[in-house]
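Take a look at the letters that make up each chain.
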Amino acid sequence: MADHTNSVENTDKHEFYKKKHREQMKHQVVTFVMMIAFTLIAFGLVIAEVSAMFTIPIILVLAAVQVLFQLYYFMHMNEEGHQWPAVMIYSGIFAAVLTILALTTITWW
Amino acid sequence: MSTTANQKAGIGSVLWDYLTTVDHKKIAILYLIGGMFFFLVGGLQAMLIRIQLVVPENEFLSAQFYNEVLTMHGTTMIFLAAMPLLFALMNAVLPLQIGARDVAFPFVNALGFWLFFFGGIFLNISWFTGGAPDAGWTAYAPLSVFSEGHGVDYYAIGLQISGFGTLMAGINFLVTVINMRAPGMTYMRMPLFTWTSFIASVLILFAFPALTVGLFLLTFDRLFGANFFNPDMGGNAIIWEHLFWIFGHPEVYILILPAFGVFSEVIPAFAKKRLFGYSSMVFATILIAFLGFMVWAHHMFTVGLGPIANSIFAVATMAIAVPTGIKIFNWLFTLWGGQIRMTSPMVFALGFIPTFTVGGMTGVMLASAAADFQYHDSYFVVAHFHYVIVGGVVLGIFAGLIYWWPKMFGTFLNEKLNHWFFWLFFIGFHLTFFLQHFLGLMGMPRRYWTFLEGQNLDLFNLISTIGAFFMAIGTLVFLFNVVKTQLKGEKVSGDPWDARTLEWSIPSPPPFYNFKQEPLVRGLDPLWIEKMQGNGKIQPAEPLGDIHMPNRSLTPFMISLGLFIAGFGIMYQGGMWVLAGIGFATTFGSMLYRSLKDDIGYHVHKEELEEEGDGSNG
Amino acid sequence: MAEDVLKSGNLPENPERATLEGRNKFMGFWFFLGGETVLFASLFGTYLALRNSNAEGPASEDIFGLGLVFIMTVLLLTSSLTSVYAMYHMKNNDFKKMQLWLGITVVLGLAFLGMEIYEFYHYVHGYEFGYTTSAFSSAFYTLVGFHGGHVAFGLLWIVSLMIRNAKRGLNLYNTPKFYIASLYWHFIDVVWVFIFTVVYLLGKVG
Amino acid sequence: MKGWMSRFKAVFALTVMALILSGCGESFLSALQPSGEGASMLLDLMILSIVIMLFVFVIVMIIYVFVIFKFRQKKGQEDIVPKQVEGSHALETLWTVIPIILLLILAVPTIQYTFALADTSPETTEEGEELDQIWVDVTGSQYWWHFEYRDIEVTTSQELYIPTDRRVNLSMISDDVIHSFWVPTIQGKMDVNPTGNTNEMYIQAEEEGVYWGKCAELCGPSHSLMDFKIVAVSPGEFEQWVEDMQSVSGEEEPESETAQAGQQVFADNCMSCHAIGSSPNKAGPNLTNFADREKLAGVFDMNEENLREWIATKGEEMKPGNSMMDAPYDLSDEEINQVMEYLMTLSPSEITPESANNGIYEDSDLSGLFPEESEGEGEGNSDSEGNGDSESDSESGNNSEDDSEGDSSENSNDNSDNNSDE
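Residue numbers (full-length UniProt numbering), protein chains in the order written: chain G, 1 to 109; chain F, 1 to 618; chain C, 1 to 206; chain W, 1 to 422.
FYI, nobody ran anything at the bench for these hints, they're computed from the structure. Backbone N, C-alpha and C define an ideal beta-carbon position, used for all residues, glycine too. Hints are supplied without guarantee of correctness; some may be wrong.
Under 8 Å between C-beta atoms, here's a sample of chain F residues computed to sit facing chain C [stated by the list, open to error]:
#1 F105
#2 I178
#3 T212
#4 T219
#5 F220
#6 N227
#7 N236
#8 V322
#9 I600
Below, in silico cross-link-like pairs of lysine-lysine (DSS-like), each with a Cα-Cα straight-line distance of 25 Å or less [said to hold, decoys possible]:
#10 K484/F x K26/F
#11 K295/W x K531/F
#12 K416/F x K488/F
#13 K606/F x K7/C
#14 K537/F x K295/W
#15 K295/W x K282/W
Produce the complete structure using the sequences and hints provided.
Quick look at the structure:
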């Protein structure tokens, strides 16, 4: 459990990190653009009053994809060291889905 | 800065010490005191209930007061007694079992305790301000919404405060287990108590938010005119039932899993054998937790969800019996071929096995959805969950307390008195609750203030009350034992039980930094391995060096105090809004103070450590 | 190690997880977010169960305007991106730029919050759609209000971090704090994605 | 061979179990002495589960006792180190698989019974004809029960009369908080929800008798006093009871003068909450056949003393928290006497709880209660089916419809009124 308090002196390494970060940043900008696009599609479908049977699943899927983008790119779940966060987030999503399913299906009859 | 010795000190400085402590071992003692206090309060309420039901048409308590007592009995026992007592054990033992010097968030740990404590006090203040909550510990809407006075407000806000505390404690244990394990302590070498506490913490993490929301909705309905559960405005009472049980069912496993863990420590230690089927025990624990999340609606079979939903939840519930059965048989086969010592923790563990088996049996019977139409909300259910919670959790807590008492306090409880305690409590328990199964089937619904004559329910109720007195006397014996032992103050060695796990490798009570050097773990039951293969001492994983320790802090106390004060403001409104202002200012001010001040702890230096012996259990 | 963590200077890769304290914070906060998922799920579930229970008060189709919501969505999504930028500069140990991007995040968040308050005001006064009007209104305000409360708390948090550390730059003690504050901000965004979909868009579709 | 043995054992155990259990409790209250179709099915299921569970328990206890006696440390053995067994795949598989099988044995009938008990569709005779259904709208209130017979314009409270020849379907809703309808000897319980979630179940009594019902969901201070009775009488008696009840208008003049005065007092003070004759649900119980009741307010002996105390104190001590405590009336002792006398005249029918215990069985096909039947089988059937359908519509979870009603508890009552007008 040693702590890496000693900072990295090696400039080459530093440059390498910077480059890597820039790469990631590019991904994130692309992600952002796609998220905006998804949002536009979702709003567009609703405003255009496309049939509900078609719209509802589409906008829910778009929302789910946006969330995955947020989790994996903006919140860096795609990087290493995120196994436990992933376990807990997915467990949370599992419990969340059960909760929502129950409350939407068996509260009125 | 490094105050190493626990010199005799005045009351004031002891009090200050405990108010500001972030040491998990002292927090354990705080949890123990708080939990025991509320356990006695809840027990007193139980006695009132049994006295009221000793004869038919008794008028010992009024109807309203009886409802308050039964509500507070349930609420107190679950939230303010069982959970904190388990947290006491977890705090005392879990970091030691994984070879950690501290928990991951010492500050948050203290905060968790103080939130629980103030929540509990808040809830009980209701007795003195016009009536306690009276809608049952489940607080079903809309009864809880229509309930007059402020009783249910105390319930909602008090549980909200202590619920935050529980959530934080849960996260703390999760991260402690993941990040703080000593070298060599892989997941599959962790003691079962650590495993079950870990899994229980996972359940806390996902179950408590549902309660948080439920309590918020209830609070808003009662205090701010919201309409979640008000049928006239389109609200729906079933939402409360779902939210409550989405929390409430995992809560049962939050309680029982750590108790399973205690037995999985006690039984191997006193059978002198390693736990039979360790990996399947771990797997069963995880499976119970997973299934425990999908079965909450078995509390709602009679609500009218329809046969499809009922069938699904019935089958899911029955499935839980499988991993639980695995556990029972693994314990039995740990005993098989062992050298069983009848110490008092072991007697508790052995008393647990048949008792809990009965609780599990009735659990499967209740899972049978159609049959539950008869059992539901009758004394059968009362008997069932007392078999599980008293026969499982309470016996587990006492087994654990007695087992780890030397480690927590450095003293040894009198074995003879412990055996007396066990037999009085155990016999009293079965007298009280076994016949209640039949009472339920004979037509006695639960939460009945009184029962009428001529229904043939008199005799069993009388016997039940007699049993309750046995349990009360047993508990008094235990208290007497505690006082006697602590007054005598005889010191014990680090390993008085000749046990197997890491916490017994250091002195009793442990020094405040726990391990002088990080231990090197070479397998399951590390101390046993060293006893068999080495010199009985755990090898260090690092050379002696400075130890980093967190600073003490009053902030957790202040944050909790603030919420406590704010609760009154929110509840009484009007001129009392000032209190809400003061309370929230205290809370957020303390939080701000905490985040603005650099708190990087201090070091115990190598030189000081060298003066203190070798840090083994000697 | 203790005092070293306050020194600013060259930071390792992933400074937020370089110390044990940092790793603990990082892990604990992710778990907290897992719990928050269930918290919001309970609120969403309640909302979905009650969204048609308007008890003769206004229904969702009557009041929701998509224009405002779209602008709010874009604001919050953008603020998520700007906080990613802030973390990008944090990892490159560029304190000034991080502060700048965090500042932009805060401004966007404030704008979002302002619009939300305007929206509520508009509903209450324009449509007589108050908190106690119906089960639907209670559920709506509670769900969206909880999210708004999270936004407000996040803003306070980020601002106090910025002020506290304005003079001392990045070090191993405060990078985890910045990092988890940004995680929190993203999570708020995640919740909003579902709010605009489930509350507003589904409210219009029916 | 083994299968045969275990079957024999199961049958044996079942018989013994049934004998033991039936010794428990009173025949009018105990779930272990069923008198109805539902409760009998449930007892079968309970016994099946008890037998399976006892089987497990016995095995656990055998191992447990053996282990404790065999492996207890004896003096001088302190140094023995037992073999450290890691586990056994074979054993662990065994006690994973066997419980799964046992649970499957239990799960199958559980699911069957769960569906069977939820079935409120019309019964059929042996020839395949559908029987006319009796539907009762049940309303639970703090702390009494209200019963409206759908289509036949009979209203009663506290004591529900049913014929023994067929199922009676209940459609249940609460006026205030959640209650739960439980008659242990007849049928398992079902919650009575306030939210527009109408619950349906059937009850069926196999023998005549008065069966005690209880509220099983905490509903306030007098939760334990919310008893009611099911009076199961033979079909002929039931038919007569219905006709007698239908003939009551509430205007009938009692014979004695005191009672006439009491009627006036009653009309002035009590009619805003109570009703006599068929009427929609009001704030207090319907008193049409008050004098025939076995119990006062569900739990007290029906005598002068109790009735006087009830009227004089508004039941404050007798049933704490009951809503009559808010009633504004203020009666003199004389007026109370008059009202009591009047109330005791409210006995419109020969058929009382005594008829359920007198052993007389009068047969009838109840066709007199369903006049549309005479016009033709098909139509009559489709009509009664129509009722069932309209209910099952709301059951299928049509959210928007339920929600928009808001106060759907009243609506469902209105519906049934409309039906009876047709």
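- prompt: Looking back at the hints listed earlier, which ones does the structure fail to meet?
  reply: Violated: hints 4, 8, 11 and 14.
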